[in-house]
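Numbering of the sequence shown is given in our numbering, commencing with residue 244 and proceeding in unit increments.
Where hints are given, some of them may not hold.
Claimed, not checked - Simulated restraints, written as ranges between beta carbons of each label pair:
1. Asp567 / Ala596: 31 to 41 angstroms
2. Gly339 / Ala569: 52 to 62 angstroms
3. Lys722 / Asp532: 21 to 31 angstroms
4. Val726 / Ala622: 14 to 24 angstroms
5. Val276 / Glu555: 31 to 41 angstroms
Quick caveat, the hints were computed from the structure, so don't treat them as lab data.
The beta-carbon is built from N, C-alpha and C at its ideal position, and this holds for glycine as well.
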Amino acid sequence: MGKQKLEILATLALLSWGSFALAADYVPPSTAVSKINSYRGYSELTSAASGMDIDQYTYNMTTWQISNGGFYKAMADKYKSAYTGGQKSEWRSKDGGDLGTIDNNATIQEMRLLAVRYKETTNSNYKSTFKSSFNKALNFILTMQRSKGGLPQVWPKRGNYSDQITLNDNAMIRAMVTMMDIANRTSPFDSDIIDDATRNKMKSALDKAIDYLLKAQIVNNGTLTVWCAQHDTNSLAPVGARAYELPSKSGNESMGVVWFLMNWPEQTEAIQKAVKGAIAWYKKNKLADKAFSKTAGIVDKAGSSLWFRFYEVNSDDYFFCDRDGASTKTQDFMKISEERRTGYQWAGDYGSAILSTESAYLTALEKMQGTYVEPPPPAVMCGSDTCKVFIDGVNFVEIDGLKESTNGGFVGEGYANVANATGSFVTYGVTAKAEGKYTLYISFANGGNSARGYTVTVGDKTLIADGSMESTSGWTTWKTQSVEVELDKGYSVLKFESLSKDGMANIDYIGWMSADLYAGEKELGNEGGNEGGDSTTVIGARGVRSTPAQVNDRYFVDFGSSNNAAGVYLMRGNGKVFRVNGRAR
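Could you build the full structure based on these sequences and the hints that come with them?
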């Protein structure tokens, strides 16, 4: 073989291996996407505008914009009328002037409404005003960003904790989600309201903000943990805010950072380490079967999980604090004043959603890296045993409803979801080798609050008059129940019919252990010529003989019977049986 040919083959081999090992784009877990979507809202504004022209409301809003481009918080009702004079912000800058803020979704929600109305209004004057106001607000975000990438609560400086980088109430994270949408041309920022050069500036600002978060993550004994509600502009160290909000690790404010980093499309090694470190911290500090009461503190509650808002920076000891500051720090909730006990959120279920998303996040990383291996399908269980035969819920004969695969955890291709109506139904075909009683195992999910009743009939014969599928507390939680039905020999169509307006539970599969019951319609023949015998035999149990020597690539199976039912049948994994038809040669 020539040298050139060898080189070509080697190149092809490398290309082939490269295509095999190519990683996919990162697709974030659906829960993480949903959490980030919650930071895109501006309903405070649209609710306040209810009953009036939305463009007029938005125009009024622009008159309240501060000269540096920002907006103040809790202004939705004031936007019903145009600004006529006076202060535009309750908080004042160090020199006494108005200041803009990103606290409580301020400025961010105004930017979203401006972008939406710019796209939808037909009034050219409004359109021009909305575009100008939006770009002023955008420049406010770019201007307020500190050199190391963090975003403070206000601009210009207020002269107190508001000048620090603020994760409190997800202020910085909400801003970063909007910055990301602007950079990526995500609706409503997919119009010419912003030019490409400014989009690029926003992308650079976003990269700096992410870099700040990664560097600000608190490290204990070499281990990445979580974040504080506020961090120093330059040193990145955790800092306090109000007197009872001391430097700490925050179980609450760190959630938003984790969700954002999980959503970021460029899953660098640093981002993965940050997310995994935070997840490990939430695991370590979970209090199982506990909840929090503003009157009693920590209480027992089965199935609940609890984390605290504040933990020591250098340890995982939680604490509470009163308005007198650090001298009142305590782990005894009852030692702080009643006003602080009832007037602040000290603890909650901050980590359960993050922990339940860990598996999906790791899977998404494996798919991105090209190392993901599909797990084997779950076993089809009939009680404590694997079913001998089962019918996938989607392999019905007829349904008043839908074949679905939306809610996870099912076996096979999907599940049957009958209509939400009394009398909605789904039918399945089975063939009984002999008349008798058969135990069926039904896998179902019922995310409703109460049990859902059903009947099972064959023709005009009622097999089950008052069946009930209990609530499983979620549409992705599947349970199995056993029922006994009496069937005639031969083929029957089982009709499952709902007894309430809510329909039935979703059906994943119907399985059984009996060898005398087949899935689908099956022809029952005579075995060995005996009337009523079963002619179906595993092919390996029959003799296989070759044809004459001149045709040495064909084989025949002797079924030992001339009965018309004798022949070859194929059984799919779902139990359906098909005859392979042919003719004698």
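Going through the hints against the structure:
1. Separation of Asp567 from Ala596 is about 34 angstroms and conforms to the stated range, judged on CB atoms against 31 to 41 angstroms.
2. In this structure the supplied range 52 to 62 angstroms is violated for Gly339 paired with Ala569, their Cβ-Cβ distance being about 30 angstroms.
3. At about 23 angstroms, the CB distance of Lys722 to Asp532 agrees with the hint of 21 to 31 angstroms.
4. Here the CB-CB span from Val726 to Ala622 is close to 20 angstroms, well matched to the stated 14 to 24 angstroms.
5. Val276 and Glu555 have their C-beta atoms about 33 angstroms apart, which keeps the hinted 31 to 41 angstroms range intact.
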